[in-house]
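**Student:** These are the residues of each chain, in order.
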Amino acid sequence: MSVSILVENVTKEFTMQYHRTLKQMAVASVKRLPLQEQFLAVNGVSFTVEQGESVGLMGLNGSGKSTLLKLINGVMKPDKGSILTRGRIAGLIATGAGFHPQLTGRENLYLNAAIMGMSEAETKRKFDAIVDFADIGKFMDTPVSHYSSGMYARLGFSIAIHVDADIFLADEVLAVGDRPFKKKCMAKMQEIRQQGTTIFYVSHAAASVRAMCDRVLVLESGHLNYDSKIVEGGSVEGGIHYLEYDDADDEEVTSDEELGADI
Amino acid sequence: MKAADKRESQLVEADRRPNAAKRARRLLANNADAMPVVEAAGPTQAREVQAELVDPSPRGGLLEVFQQRYVLKLIVSRQLAQMYAASLLGLAWSYVQPAMRFGVYYVVMGFILNLHEGVPFFAIHLFTGIVVVHYFGETWNGGTRSIWGNKALVQKMRMPREIFPVASMLVAAYHTLPQILVLTLFCVLAGWHLTWGAVAAGLLGMLILVTFALALALFFSALNVFFRDFQNIVQTIMQFMHFLVPMMYPFSRVWSQHEAHPILYNLYMANPVAQSVILLQRFFWRPIIDDPSTLRGRQFPPDMWERGLITLVVCLVLLYLAQRFFSRVEGKFPERL
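Just so you know, the sequences run in chain order A and B.
Numbering follows the numbering used here, in which position 139 of the first sequence is assigned residue number 183; successive positions increment by one, without gaps.
Numbering follows the numbering used here, in which position 138 of the second sequence is assigned residue number 370; successive positions increment by one, without gaps.
Only part of the chain A face toward chain B is listed, based on derived beta-carbon distances under 7 Å: (1) Gly96; (2) Leu104; (3) Val119; (4) Arg130; (5) Leu155; (6) Glu164; (7) Gln239; (8) Gly240; (9) Ser252.
Honestly, the hints are just simulated from the structure, not real lab data.
We put the CB at the ideal spot given by N, CA and C, even for glycine.
All chains, please: the whole structure from these sequences, using the hints.
**Tutor:** Spelled out as structure tokens, the structure:
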């Protein structure tokens, strides 16, 4: 087996700017307010993924999952550390594809496929399969700004899954799809998983991670706190468990009925 | 140390949110069956990937843009389609604007201010300048806005981002080409006697123009991501660019001041666009004049060639520096858009 993704000590820092105009900046500095603040979205994360592994990435909102995916995809560059990947990468980042709102679905399809590395001939060959899978019929020639969010996600997912990539990234893409489509997508992802594609799957749905992945990474505030391959006795189940029940014992007695009812 | 304690200390260090477990359980409860479960149907095959481990983010810069010609072609045609979406005249707009400008300048400068005196074929003299400035302005303006205007793609897709300023340059070229054809047609009708000197000047002028415009487009497209003021600054500069090149007045008027105001003269001549206009006038306008005695004063600077070559080298250096700057800040684009 060869290494598919190699992430070493990766740190990504975001700058939050509070004041954008000169006037605001002047006022803020007179009042001695901070002009900007640094924020570590991904903090010293290292792991290695073998070709063909299917990795579930879990964590709360804002724990750095999407940022990590963007770094692996190459949309962002890490501030520290290095990322190496092997082969063609396709996927969807942060619910939805990079579509241009004024272009039609067809034009966006060609552009998106080209950016993910498909040639014109390859796109033409797979065109029907992509359109069939997305199942948006006559809306192919409508600007995507008129699409419903579900149609948007359908087309984006359909293009990405047909790229024949070596690494496939799926970041909560299917959150807006309806149930039959979600099912179709999961089946398709199982299919490419069987073909030996490395999969990175971000989801909050434990059951689906359990079925799809053979390894789980848990991110918390930018730290990789659980890696089922590194942790002793780690498993997908363990990762879900870790995220779910970890500090149940140090939780205050205030765990009221309302919360209990939730579980 | 017990395993639990170890993890405890690790967690404190990693500043886990205090209510993390609570939130996670809530989320999980809400999402437990949000995704349908599909079990794997068979064994996994091994997949051989014939590629090296590489950095996923693009670092090839402009070179990579020209390697991905198919993507570039799609982006250019996309920008063209987008420009003329919901416009009745469509591509005709790229004729209307220069034509109007030409008409106004020709009448106001030529007849009212009488600047065409001593300039035979003043129309071609003027139109050469308009074409050059139009191309330059469109590349610079469009390039500056290009990254911001394509943020949907920049945020989500991996690609060499230089592709957007380059696409603006090609879009500008696409709009300028018909104007050049019109200009050539008129030159031929007026009796164009091309010489090797003129062709060399034309090539040099175009090279200066393209490298300078691309360097500025690259540099300002990156700056504009961080400070949106730059697109307004560019527009403001472009408004008086027409007056900073010798097109509505002959170069002889500038030359006549070079002894009295050497610094101003050199500043004027340092502008690569002005030099490009002069060189292209040498190509289009000068060869149609049969009788040089009708010309008054000096039509071209005495050091036109030396200056042109030096400017070309300077523009290439600027392009290199712009690329360096672009690569350095590019990693911050997705978070700033």
